[in-house]
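Q: Below are the chains, spelled out letter by letter.
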Amino acid sequence: MVSFERFTLANGLKVLVHEDPTTPMAVVNILYDVGARDEHPDQTGFAHLFEHLMFGGSVNIPSYDEPLQRVGGENNAFTSNDITNYYITLPAVNLETAFWLESDRMLSLAFSEKSLEVQRNVVCEEFKQRYLNQPYGDVWLKLRPMAYKQHPYQWATIGKSLDHIENARIEDVKAFFARHYNPSNAIMVVGGDVKSEEVKRLAEKWFGNIPSGEKLPRMLPIEDDQNEERKEVVKANVPLNALYKVFHMPSRTEAGYYAADLISDILSRGNSSRLFRNLLKDKKLFSDINAYLTGSLDAGLFVVEGKPVPGVSMEQAEAAIWEELERLCTEPVPESELTKVKNKMESTMVFSEMSLLDKAMNLAYFELLGDADLLNSEIQKYLDVTAEQIQAQARQIFRRENSSTLHYLAN
Amino acid sequence: MIDRAQAPAFRQVEHIELIRAKEQVLSNGLKLFSIDGGDQDLVRIEFIFENTAYDPAKPLQTFATNTMLNDGTTEFSSTEIADKVDYYGAFLQTEYSNDQSTVTLYTLNKHLANTLPIVKAIISDSVFPQVELDTLVRNQKQKLSVNLEKNDFVSRKTFSNVLFGNTLYGYDISAADYDHLERAQLLSYFKEAYQPKNCTVMLSGKVKEETIRLVDRYFVSDWNNELDTKPNAFEFSAASGAEHFIEKQEALQSAIRLGRIAINRTHPDFPGFQVVNTILGGYFGSRLMANIREDKGYTYGIGSALVSLKNTGYFFIASEVGADVCSATLNEIEKEIKLLKQEPVQEEELALVKNYMLGSMLGSLENALSHADKFKNIYFSGLGYDYYSRYIETVKTMSPERIMELANQYLDFDAFQRVIVGKK
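Keeping their order, the protein sequence lines are chains L and S. Just add 12 to wherever you are in the first sequence, counting from 1, and you've got the numbering used here. Just add 13 to wherever you are in the second sequence, counting from 1, and you've got the numbering used here.
Next comes chain S alone, as it looks inside the complex:
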């Protein structure tokens, strides 16, 4: 008979191997990184542009330029672009984030030669037709009106604005801002930001010599640097904590989001803070989940995270909780933070979190695409692969004393911005 009460023996993850990106610089200054791996004959090509020239008078300029890239070039209409991409079974995505604007092509290698010229056209020759801009504005305003009915959306938006003010990270977009979008803004932003020297190309999947040759062929010859670019630089000072309550009479649940400006990946404490975050709210077994979901049943989910941005970092805790238990939840969060600052974590819990984090790191390296994501994390923070060695070492050697120290340094409930949307 087997003893079912007895857990099988197990091992901590010892070895985590990252596939290192190979670097090339093409003759027009275009930086190219590639990660080759996997059996599937496909490739993901990302064209990543740093966000530049932020002007609070034109808060949607960066977003709209990126979103409208597939809406027409000198040569192709938006219909033709869509037809060609879809015909070859490819996926062309534009993605806008706080620090970067990206154009991503997913394609089978056999269709690469047919799909790359489209990408070339949209990142070097987009024309932003007025009629497409009108459609974008109309539809985005409608989308916003729906989102504003979602407490979680409103809490995110309010939280960002409280933390980051009217910078690109925090601007509180309203419907009127869409009305102020003008085609000229997009054309000028496009000219400045979408240049080879402001672009990093990341290839992942089955990357062959032919793949690189095609990129070289399409993205070097007549794509040139013409203007200076000024990457965005923002500075933030941590304001004192406060509550920001937006009442919604009808709410069944309240969305809560608390947190503050913190460190980013370049700071030596970042990996250690991630261990603290994991214990508090970074995984299913975290203290916040165990207490507020699994013990009290106040919510479907609660979590915390540490986010690294180019110009800063921030920490937050978020949940949607029953409107009648909103205040009780806030009290429990405060209690959990106090506990982390005052009492050393038990060895058993710490060992579990360490193993979980190492397993999770190993599991996040599923394929060439995930290895590329790992590379982008360090590259755009100006770090090298030794960051990951340091991360793994920090996780393995973290002590209860150090956790208390970090919790005391970075977690202060009273210093949090506390956004509540719904009922208290």
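Looking at chain L on its own, in the form it has when it is part of the complex:
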């Protein structure tokens, strides 16, 4: 149970406070409701590049990191296809420094040309390090456009290609800031050894007079139902063949999400899971196999990926995966197996409450989903899933015409 208080400033900034007196630290987490899905198709990778620029100095404070480190704090951020999330951890006695820094960069950035130039390079190196200079590193650059033909999930957070990042100009940066970085588009969570009253005072003081900005309606294309099986083959300098299969599935806020999440656990969580047990250990067809979800706010993907052992053909490997998926469609999950994945979900939730930062991030994310209190009823939604719902969801997802398959072959 993660308790919190909530208030909204006149300019629309939502603030949540989680008092946790067991730690001497404080966390300030700010979620901006903008991600790679909000980018223009010709300027992809921009939300993430912009995240880097948020550390390049703001209108009244030339350096973001330095003053924070000076008071014993640390920070970082991440961008996904859906959101951009910034967080600070610092000794609670120095909480005000976090308000000072975060409010100034919400007010306005310095928009320095030098920062843009350097961060373009840094992000290009990140692109190379994570996607281009790694075996199989570019697989999501290939899978996304296979699965999504209309929706902006067809590109990865890092962007479609290096030149989109190289071409970013300071005017684009300013426009992006004006559009997305304002109080009405943000959720702030303050947690740790803090008092609600003090947080209210500081929030009013530092964020109260930032102009509200306009919360623009999001009008993203809806992905058409997929009606044909999609297949592609690529060859690359990798040592082993790999197989990737993605299926369209419900969004994070749809009821079917919970059953789908449990299906991925049945298939792939822990050494007792079906893919690990049956295909890796018993049949010895794969040296590595996993199933997981993208968990996105719009309709997401259910992913199965594996590396067949030498001597096993891609056709054999695929047939074995289909056999497991079809079994989920035809046979109800035994009660004990369902209890197992629910127990795991429950303990995962309890363990995540050990971390102040995790709690703060979760509160912000669930507030974005509609209500931070959903975090506390989340486990019940998993516990309520029945074997029949699992089977129905499996039938909905695991259809050949709903699948995209990539054979990533060794040269």
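None of these hints come from the bench; they were simulated from the model. Since this is a predicted model, take the numbers as computed values, not measurements. Positions of the beta carbon are idealized from the N, C-alpha and C atoms, including for glycine. One or more hints might be untrue.
From the structure, some residues in chain L lie toward chain S, with a derived Cβ separation under 10 Å [what the hints assert, rightly or not]:
1) Asn283
2) Met366
3) Met373
Stretches of chain S that chain L covers, calculated by requiring three or more beta carbons in the stretch to come under 8 Å of a beta carbon on chain L [what the hints assert, rightly or not]:
4) 48 to 60
5) 87 to 95
6) 154 to 168
7) 301 to 313
8) 398 to 410
With chain L fixed as given, assemble chain S onto it according to the hints.
A: This is chain S only, laid out in the frame that chain L set:
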């Protein structure tokens, strides 16, 4: 109107309180330490075994024994072990490091009585079935073939081997080494290393009397010491610095890793050296990051670290940089080290680093599990809690002169082993 250009007042961290571990010794000599804290009704139990009997002819013996612990016991098959652990929502992990092999159980307290017997079985009665060993060998060889395509992996592996030779710390594992793994090696290693007297148990989380009682019940009665154990002891002499270049024609980035044998936590200079390391490459605002990432944009990240091992310590700097700026990066690193040795750090930078390090120390004590980690650091180095008082005092009182002194003593670019994988 507020003055947004003016930073709010702040304070340096004054008080850092560590929860001290409570020690107990059970009747079979098993050492037990516990840290009780937190509201969540869960516990982490680590069974930590010192690595022993290293034989360069069997370099994977220690690793494979640890990894295969959950692959079968006299009583339970690997399937049964996995089923039971997962059914109770627990997490059972085996972890192998340079000095220790660990088995860790994460569980809600309400399931402890059902999950502990499994842990007992795997650490006292594992049988290492041949069929499971075959699977391990096949899959590990595949994993290795993928890793060998990663420049960063190759640079780590090469660096360790250059520093530590064919000891457990440095052995350059190849696919052929997996083919030489035999079941008999694992059985004999298991018998020697996995004994109560070679084990330390660390409990953290909500540790109740009942928790201790259960450990006592399962891990004392029929788990005995039978053989002598010889903990690994390695000695290293610092070789002269050299460049080790592994060319990869296709590389977009080069992985670089430079460093040398250094001191470990038992050395009085260790905390001071950590301050020097922090300034150079130990945090986001470090000089290496400021210069090579934030000024030049050569890399996504660069950092340095001082690592304490049981038999030695080492210092390293690592990054992945654009292949075209690899040599330029090395020049900048050399420049930064020279600067640290020749010019006193400005008071402003030093004050920032001190506050950052104290805040970071405070922040690293998030919950009972992190307090246990802090305890393990000192315990396995043979140190007491006064180490942390000394650390905090050293950070607070560090002077620019002392930093120069330490930099001159421990940082010498020419004495570094310099591994480059990619293009120069």
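Q: Mind checking, does the stretch 154 to 168 of chain S have 3 or more residues with a CB under 8 Å from chain L?
A: holds (count 8)
Q: In terms of beta carbon proximity below 8 Å, does the stretch 87 to 95 of chain S have 3 or more residues touching chain L?
A: Since 4 is at least three, the answer is holds.
Q: Three residues or more, CB to CB closer than 8 Å: is that satisfied between the stretch 398 to 410 of chain S and chain L?
A: violated (count 0)
Q: Is the coverage entry for the stretch 48 to 60 of chain S by chain L consistent with the three-residue Cβ rule at 8 Å?
A: Held - the stretch 48 to 60 of chain S has 6 residues with a Cβ nearer than 8 Å to chain L, which meets the minimum of three.
Q: If you take the shortest Cβ to Cβ gap from Met373 (chain L) to chain S, is it below 10 Å?
A: It is violated, given that the least Cβ distance between Met373 (chain L) and chain S is near 14 Å, above 10 Å.
Q: Quick check on Met366 (chain L) please, does its C-beta sit within 10 Å of some C-beta on chain S?
A: holds, 5 Å
Q: Mind checking the CB of Asn283 (chain L) against every CB in chain S and telling me if the closest is under 10 Å?
A: holds, 4 Å
Q: Can the stretch 301 to 313 of chain S be counted as covered by chain L under the rule of three residues or more with Cβ-Cβ separation shorter than 8 Å?
A: That given contact holds, which follows from 8 residues of the stretch 301 to 313 of chain S lying within Cβ reach (below 8 Å) of chain L.
In summary, the numbered hints that this structure violates are 3 and 8.
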